[in-house]
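Novice: This is what each chain is made of:
2 protein chains.
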Amino acid sequence: MITVLRLGHRRGRDKRITTHVGLVARAFGADELLISTKDGGIEDTLMDVSARFGGEFRVKSGIKWRKVIQRWEGISVHLTMYGEHVDDVMLKMQKDKDLLIIVGAEKVPPEVYKAVDFNVAMGNQPHSEVAALAVFMDRLLGGGGLRKDFYGNVKIIPSKKGKKVVEVCD
Amino acid sequence: MITVLRLGHRRGRDKRITTHVGLVARAFGADELLISTKDGGIEDTLMDVSARFGGEFRVKSGIKWRKVIQRWEGISVHLTMYGEHVDDVMLKMQKDKDLLIIVGAEKVPPEVYKAVDFNVAMGNQPHSEVAALAVFMDRLLGGGGLRKDFYGNVKIIPSKKGKKVVEVCD
Numbered sequence: 037m038i039t040v041l042r043l044g045h046r047r048g049r050d051k052r053i054t055t056h057v058g059l060v061a062r063a064f065g066a067d068e069l070l071i072s073t074k075d076g077g078i079e080d081t082l083m084d085v086s087a088r089f090g091g092e093f094r095v096k097s098g099i100k101w102r103k104v105i106q107r108w109e110g111i112s113v114h115l116t117m118y119g120e121h122v123d124d125v126m127l128k129m130q131k132d133k134d135l136l137i138i139v140g141a142e143k144v145p146p147e148v149y150k151a152v153d154f155n156v157a158m159g160n161q162p163h164s165e166v167a168a169l170a171v172f173m174d175r176l177l178g179g180g181g182l183r184k185d186f187y188g189n190v191k192i193i194p195s196k197k198g199k200k201v202v203e204v205c206d
Numbered sequence: 037m038i039t040v041l042r043l044g045h046r047r048g049r050d051k052r053i054t055t056h057v058g059l060v061a062r063a064f065g066a067d068e069l070l071i072s073t074k075d076g077g078i079e080d081t082l083m084d085v086s087a088r089f090g091g092e093f094r095v096k097s098g099i100k101w102r103k104v105i106q107r108w109e110g111i112s113v114h115l116t117m118y119g120e121h122v123d124d125v126m127l128k129m130q131k132d133k134d135l136l137i138i139v140g141a142e143k144v145p146p147e148v149y150k151a152v153d154f155n156v157a158m159g160n161q162p163h164s165e166v167a168a169l170a171v172f173m174d175r176l177l178g179g180g181g182l183r184k185d186f187y188g189n190v191k192i193i194p195s196k197k198g199k200k201v202v203e204v205c206d
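Going down the list, the sequences are from chains A and B. Counting in my numbering, the first sequence runs from 37 upward without gaps. Counting in my numbering, the second sequence runs from 37 upward without gaps.
Bear in mind the hints are in silico, worked out from the structure with no lab data behind them. Each hint should be verified, as a subset may be incorrect.
Copies of the same chain look alike in the list, so a pair counts if it works inside one copy or between any two.
Unchecked claim - The calculated DSS-like cross-link candidates involving lysine-lysine, where the alpha carbons are at most 30 angstroms apart (straight line), are:
1. Lys199 / Lys51
2. Lys191 / Lys103
3. Lys51 / Lys74
4. Lys184 / Lys131
5. Lys131 / Lys96
6. Lys74 / Lys200
7. Lys200 / Lys184
8. Lys197 / Lys100
9. Lys200 / Lys128
10. Lys103 / Lys128
11. Lys197 / Lys133
12. Lys191 / Lys100
In isolation and in its complexed conformation, chain A is listed as follows:
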């Protein structure tokens, strides 16, 4: 099981970025998104996508994140530009346990850096938590997340030019 934990989301200001984090988590193969701040709007947006495009993805906001990290029994990673290079972490990370992937907004408290098994950098340049999550999961699952069938009511058929969408009506 893969859980993504989003820290430091500021309602309003981070709405679109956190929505992208959630969509990426779902599309690249995670099972659930936990958001530290309560934000019903983002929960609704992501659940609406799942209802249409399929899958079992879950979202919960207003989470006590310290407890989630403290009680996690699998592997925990924190994505940060200050961490070890992703190539190095992939070599030594156990991949058969439940995984908690922590994605921060602006400032992440030092205790998070200390509590996790790995602080992982997708390169040590500033970029984007959305990109970091996508590339980490793509590498972790060897591209498998992107080949998954979600069995949704709405299905996009890969197309060379234009758009092909199949919609199943109940």
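Based on these hints, arrange chain B on the given structure of chain A.
Specialist: Leaving out everything else, chain B in the frame of chain A:
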């Protein structure tokens, strides 16, 4: 040379997403970002990052995007959830030519789908243009973008716990 072209950016509303697109373009190995809408704020933000963290990345906004696409002499790709799967495109794409990567915001005109060499999907689920760009470039360069040295005044040293930053003063 790799150029990223951002279409449909709405000033204000898309500021943070387009900034993430630009940071990802730079960090994952692109040479420049062209933005269709004029937005000096984003140019400044991205140039400030380059000035501190190094590299030769260029940004230009207020671009006549139709001309850029029409006159492009290398390969052009458009990242879209409606496109062919990235695995399939990677097998047939010529990689020794200049590359134009087009990243849209909400609605991309049908002419873009027709004009490009490849419409490429990082999976056919809705997610994020930031994620799509990162994963496409990561796959294209085999992770090479993330190993590049930018020779900046500010340099982050990979660290297991905490933050190590070296700053060179002029």
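Novice: Confirm or reject each hint.
Specialist: These are the hints, each one checked on the structure:
1. For the identical chains of this complex, Lys199 and Lys51 are neighbours both inside a copy (28 angstroms) and across copies (27 angstroms), given an alpha-carbon limit of 30 angstroms.
2. When the C-alpha separation of Lys191 and Lys103 is checked against a cutoff of 30 angstroms, the pair qualifies neither within a copy, at 37 angstroms, nor between copies, at 33 angstroms.
3. When the C-alpha separation of Lys51 and Lys74 is checked against a cutoff of 30 angstroms, the pair qualifies both within a copy, at 12 angstroms, and between copies, at 24 angstroms.
4. Taking identical chains as interchangeable, the C-alpha atoms of Lys184 and Lys131 lie at most 30 angstroms apart whether they share a chain (18 angstroms) or sit on different chains (27 angstroms).
5. In this assembly of identical chains, Lys131 and Lys96 lie within 30 angstroms of each other by CA distance solely inside one copy; the values are 25 angstroms within and 42 angstroms between copies.
6. Taking the closest pair of Cα atoms, Lys74 and Lys200 never come within 30 angstroms of each other, the shortest separation being 36 angstroms inside a single copy and 32 angstroms across copies.
7. Proximity of Lys200 to Lys184 under the C-alpha cut-off of 30 angstroms is restricted to the intra-copy arrangement: shortest distance 18 angstroms within a copy versus 38 angstroms between copies.
8. Taking the shortest Cα distances, Lys197 and Lys100 sit within 30 angstroms of each other only across copies (22 angstroms), while inside one copy they are farther apart (46 angstroms).
9. In this assembly of identical chains, Lys200 and Lys128 lie within 30 angstroms of each other by CA distance solely across copies; the values are 22 angstroms between and 41 angstroms within a copy.
10. For the homomeric pair Lys103 and Lys128, the shortest alpha-carbon distance inside one copy (26 angstroms) is at most 30 angstroms, but the shortest distance between copies (48 angstroms) is not.
11. In this homomeric assembly, Lys197 and Lys133 come within 30 angstroms of each other (Cα to Cα) only across copies, at 22 angstroms, whereas the closest approach inside a single copy is 41 angstroms.
12. Taking identical chains as interchangeable, the C-alpha atoms of Lys191 and Lys100 are never at most 30 angstroms apart, the minima being 35 angstroms within one chain and 34 angstroms between chains.
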